[in-house]
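Residues per chain are reported as follows:
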Amino acid sequence: MLSIVDLHVRVEGKDILNGLSLEVQAGEVHAIMGPNGSGKSTLGYVLSGREGYEVVSGSATFEGHNLFELDAETRARAGLFLAFQYPVEIPGVSNMEFLKASVDAVREHQGLPPYDAVTFMKLARQQSASVSLPPEFLKRGVNEGFSGGEKKRNEILQMMLLEPKLAILDETDSGLDIDALQVVAEGVNARRSDENAFILVTHYQRLLDYIVPDFVHVLANGRIVKSGGKELALELEEKGYAWLEPEVA
Amino acid sequence: MPDQINAYLDSDYEAGFVTDVEADTLPPGLNEDVIRFISSKKSEPEWLLEWRLKAWRDWLKMDEPRWAHVQHEPIDFNSISYYSSPKSLEDRPKSLDEVDPELLRTYEKLGIPLHEQATLAGVAVDVVFDSVSVATTFKDKLLEAGVLFCPISEAVHLYPELIQKYLGSVVPRRDNFYAALNSAVFSDGSFVYIPKGVRCPMELSTYFRINEANTGQFERTLIIADEDSHVSYLEGCTAPMRDENQLHAAVVELVALKGAQIKYSTVQNWYPGDKNGMGGIYNFVTKRGVCHERAKISWTQVETGSAITWKYPSVILRGDHSVGEFYSVALTNNFQQADTGTKMIHMGKNTRSTIISKGISAGKSQNAYRGLVRMNPRAEGARNYTQCDSLLIGDRCGAHTFPYIESKNASAVVEHEATTSKVSEDQLFLCQQRGIDPEKAVSMIVNGFCKEVFKELPMEFAVEAGKLLEVSLEGAVG
Ligand SMILES: Nc1ncnc2c1ncn2[C@@H]1O[C@H](COP(=O)(O)OP(=O)(O)O)[C@@H](O)[C@H]1O
Ligand SMILES: [Mg+2]
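So the sequence lines, in the order shown, correspond to chains E and U.
By this note's numbering, the letter at position 98 of the first sequence is numbered 98, and the numbering carries on one by one without gaps.
Plus 1000 on top of the position in the second sequence (first one is 1) and you've got this note's numbering.
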């Protein structure tokens, strides 16, 4: 589904990713861990097409497309989703309007007609209930005045409605209480299937107690320095990143 | 801000085309003969010719105002032609079927299917094409209700006592440079009279459009709402692409007698000039209303066009318990300059005013809000609430706020709130990451920003306004 080969990325003249490679197959869940500033968010941004992230060399192929030839909205429509580490507010634009514009854009890409307002409203209410966001949140501005946890739930709501093939969750679990964490985990687990894949960026084993990953990678200094199965996360939890020092350095 | 945004700022003005309608145009220049020509062309009574000439003599002694936050080359008032009317004027169409099909096609290109609008929405349309009205509909139905709605040039003949009483009563001939010019050479415009206690059975609507090169537009509108009557008036316009700057100096006067209500809504989409700042309309407008006891005047405007906008729809709250409202969206892009706002003059006791202004700047444009709230000594218990928000798109544009508060009554309350925000890269990227193209994203964000004003527009107009805003956003904000 996603194949990243020897990716080098520069931000503001600074090398951030230095030869990162990663293979993600449909049906897999990959966890990416690593120290702050190692380039985890940068990976999510460069894959999703944010401006200002310069691909110096290497490649990323998603579902047979060269990702770097597509603009950000096309990547999203093709099924690549990024849950933001810090979701931004859009005052004045109602969440419902935003969600509908988003879902309709993806549907159009798939050759489907836009939802009629009533059908979509039902769907949105249903899904927001499943992430424990009361229906009022659909009327409010996008993330406007939402608490940290509510913003993260809203990200998961967007994921549920958009049904992406590959979802990258950037520290969606950070700062969540246990209930919210379970909501996030349930959202991911509900979408887990042979056709979908996930990349979970996290610092904490506790998320991985709920979403059991197939692979765990350690990202340090812009490349993957260690990969393993779910046990690796436990090991990291116990020992931190210091024992990887030689690779990290 | 990112090139990405700048790229969207660069699409073309959709209304940019020129209609070929044979016109009967006066050569450029302004002198006494020109004024006599205009007046005689309309077979005006002697008093009106005198009125025009007085205005012209006053104007000669006046200077252009320089205080606005706008810059332009000096206007050569002798390079402007002061009269133009479509040839077909001689035999005016009795109905829309008789209107020049070329004209109707023009409106259709703009997405304003006139006949549909008139019949479906029940809107009476008084189309001003160049300087002369060429179509008036639904007149009979209005007459039944006693509502008078016609070109002001006709009203001069049909209702001379109303014209003589109220013309210049709100905006005096010599009120300001442009108002004086308008008084001297005004071409045509709308006249409305709503009798006592009558609720006008439909929205009254006018679309303006400049078509002749070098032809200044000097519309003159007069609306009189007699005691306890009610009217909603819609004004919209759009103009074809031109290289030369065109001057537009309209005057609108509203009179709301005891207990009357006037709602005046404008969507203004004059040609703003190209992306290099060439061409575009200079729009210097004087709009003012006077409220008698318990009367209410509400101005709602959506300003997306013009190279320069200079416009302060105002309310004189003369009567006790009268209410003034101003809801404004002003969008500027490229090299557009807008200096717009309102004046609320509280004279009566317990008068109230509300000002909601939303300024959106993109490209290299400059957008200024200028508002005056004056509480006169007699304005016991008067209140004003002002909210003034600016939204910046990109980092080469400017937003400015000039609130003037003059309170001469200690019991009067004036509240002012102002915010400035930016459409951020983060917001745009969030939208894109959710599959929404940036043009649509900006349009959504701007619409959200303007919501409080849009909800004040009459339903019939909201669609039109949204469309015009979107057209501007396509080029304007992307
Ligand atoms: N826009 C930017 N400008 C300059 N430096 C940046 C920018 N974005 C990220 N960086 C730098 O890139 C490095 C990696 O950041 P990031 O990908 O956010 O790390 P992580 O998500 O792993 O904590 C950090 O050193 C950060 O300061
Ligand atoms: Mg990060």
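Think of the hints as simulated: they come from the structure by calculation, not from any bench.
Check before you lean on any hint, since a few could be wrong.
[As the list claims (entries may be wrong)] The calculated EDC-like cross-link candidates involving lysine to aspartate or glutamate, where the alpha carbons are at most 20 Å apart (straight line), are:
id, chain 1, residue 1, chain 2, residue 2
1, E, 100, U, 1144
2, U, 1422, E, 89
3, U, 1451, E, 214
4, U, 1440, E, 104
5, U, 1165, U, 1046
6, U, 1349, U, 1415
7, U, 1440, E, 238
8, U, 1440, E, 97
9, U, 1440, E, 214
10, U, 1364, U, 1228
11, U, 1141, U, 1203
12, E, 14, E, 28
13, U, 1054, U, 1033
Right, here's what the structure says about each hint:
{"no.": "1", "hint": "E/100 - U/1144", "verdict": "46 Å, violated"}
{"no.": "2", "hint": "U/1422 - E/89", "verdict": "12 Å, holds"}
{"no.": "3", "hint": "U/1451 - E/214", "verdict": "47 Å, violated"}
{"no.": "4", "hint": "U/1440 - E/104", "verdict": "12 Å, holds"}
{"no.": "5", "hint": "U/1165 - U/1046", "verdict": "15 Å, holds"}
{"no.": "6", "hint": "U/1349 - U/1415", "verdict": "17 Å, holds"}
{"no.": "7", "hint": "U/1440 - E/238", "verdict": "48 Å, violated"}
{"no.": "8", "hint": "U/1440 - E/97", "verdict": "12 Å, holds"}
{"no.": "9", "hint": "U/1440 - E/214", "verdict": "38 Å, violated"}
{"no.": "10", "hint": "U/1364 - U/1228", "verdict": "46 Å, violated"}
{"no.": "11", "hint": "U/1141 - U/1203", "verdict": "12 Å, holds"}
{"no.": "12", "hint": "E/14 - E/28", "verdict": "32 Å, violated"}
{"no.": "13", "hint": "U/1054 - U/1033", "verdict": "14 Å, holds"}
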